[in-house]
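Undergrad: First to last, the protein sequences are chains U and V.
For the first sequence, this note's numbering begins at 1 and goes up steadily by one.
For the second sequence, this note's numbering begins at 1 and goes up steadily by one.
Since the hints were derived computationally from the structure, they do not count as laboratory data.
Each hint should be verified, as a subset may be incorrect.
Said to hold, decoys possible - Using C-beta positions, here's what the derived DEER-type ranges look like:
id : chain 1 : residue 1 : chain 2 : residue 2 : range
1  : V       : L128      : U       : K6        : 18 to 24 Å
2  : V       : L98       : U       : P43       : 44 to 50 Å
3  : V       : L12       : U       : K47       : 26 to 32 Å
4  : U       : S61       : V       : L128      : 27 to 33 Å
5  : U       : R4        : V       : I58       : 20 to 26 Å
Stated by the list, open to error - DSSO-like, lysine-lysine: derived pairs with alpha carbons at most 27 Å apart:
id : chain 1 : residue 1 : chain 2 : residue 2
6  : U       : K47       : U       : K37
7  : U       : K2        : U       : K47
8  : U       : K37       : U       : K2
9  : U       : K62       : U       : K2
10 : V       : K8        : U       : K2
11 : U       : K62       : V       : K8
Stated by the list, open to error - Far from chain U, by Cβ distances over 12 Å, these chain V residues were calculated:
id : residue
12 : V33
13 : P34
14 : I48
15 : A86
16 : W95
17 : L97
18 : E99
19 : F113
Just so you know, even glycine gets a beta-carbon here, dropped at the ideal spot from N, CA and C.
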Amino acid sequence: MKNRLKVLRAERDWSQQDLAERLGVSRQSVNAIETEKYDPSLPLAFKIAEVFDQTIEDIFSKD
Amino acid sequence: MVAAPTAKQRYLRVHIGLSVLYVALVALASYVVPDDAAPTPGVVFWSILPGLIVIGWIWNMGRYLFAMEDEYLRMLETRKALVATALTLAVSGGWGLLELFATVPRLPVFFVFPIWCLGLAVGSLVNLATAGTSGQDCA
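If we strip away everything but chain V, and leave its shape as in the complex, we get:
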């Protein structure tokens, strides 16, 4: 009998599936939408289509958080997300002000989610430093 997948396995499977779909949709949008295209409804559709995957990633993370049965590991995961959110707000807000007053390269809004994901790694380090564990589910 095959054992039912754990919450972590389900999360990883969905995450990998969505990531593959994301890469495929970005490639497709790059192929379909010409460079410097006017913002017609079709162009907007193809442009935001990969963005729906970002919503899927966030939904999957939320689902994993709710599915975690171990309250301590869930607390550590939640703390990681809070650290990531704080870091993202600080970086994007700070850089935004820098753009306003100084001649610096513009930070594309597109980078906000990857910055948040990097923040999760920082959150893991915070957990490691304060709780002695990064918060990875070893169960």
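The following block holds chain U by itself, in its conformation from the complex:
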């Protein structure tokens, strides 16, 4: 699954650690999602969408 996490994070000038703290997860989790090594669960995807004030579909897309 592709995602725009890195772009959205850069637009806000957030580090991976900043985003991790906002999501309540580890920096490794943010890195794994960003590099598409790990697809988040639905609850975490909703949380990511909430943090960026966007819909899940705006952030995640099929390969």
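Since the structure of chain U is already known, use the hints to place chain V on it.
TA: Frame of chain U, contents of chain V only:
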């Protein structure tokens, strides 16, 4: 105000406590049970008493896994346990067959849990190689 311990801290505290108790019970059993003793109920009791700590270790690991809030790190921990289980089954099963057909030293069943723990270390290396992180909770 003192911060509440994290899941990792709770896990480590219980693990260290159980380990100390394990060493004490093994020492006590060694003292109480004479060499080459017949398997009387008392001997069996003292012999399996330290084994209850092994159950405690496993319970503590399971509790830690459930307490982890970070789903990605939990996935890595679960993968470590799966690697450890696969390795333990392979080593014990393979060595068992070797014992059956060849004259090799017997592998005491006692070693199965330590082998599984070594498997966790191998699981960490697998995580490091495939995910770029060993899966240690850095939060």
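Undergrad: Next step is simple, just say for each hint if it's right about the structure.
TA: How the hints compare with the structure:
no., hint, verdict
1, V:L128 x U:K6: 18 to 24 Å, "23 Å, holds"
2, V:L98 x U:P43: 44 to 50 Å, "48 Å, holds"
3, V:L12 x U:K47: 26 to 32 Å, "28 Å, holds"
4, U:S61 x V:L128: 27 to 33 Å, "30 Å, holds"
5, U:R4 x V:I58: 20 to 26 Å, "42 Å, violated"
6, U:K47 x U:K37, "19 Å, holds"
7, U:K2 x U:K47, "17 Å, holds"
8, U:K37 x U:K2, "10 Å, holds"
9, U:K62 x U:K2, "6 Å, holds"
10, V:K8 x U:K2, "32 Å, violated"
11, U:K62 x V:K8, "35 Å, violated"
12, V33, "46 Å, holds"
13, P34, "52 Å, holds"
14, I48, "39 Å, holds"
15, A86, "21 Å, holds"
16, W95, "35 Å, holds"
17, L97, "37 Å, holds"
18, E99, "41 Å, holds"
19, F113, "28 Å, holds"
Checked against the numbered hints above, the structure violates hints 5, 10, 11; every other hint is satisfied.
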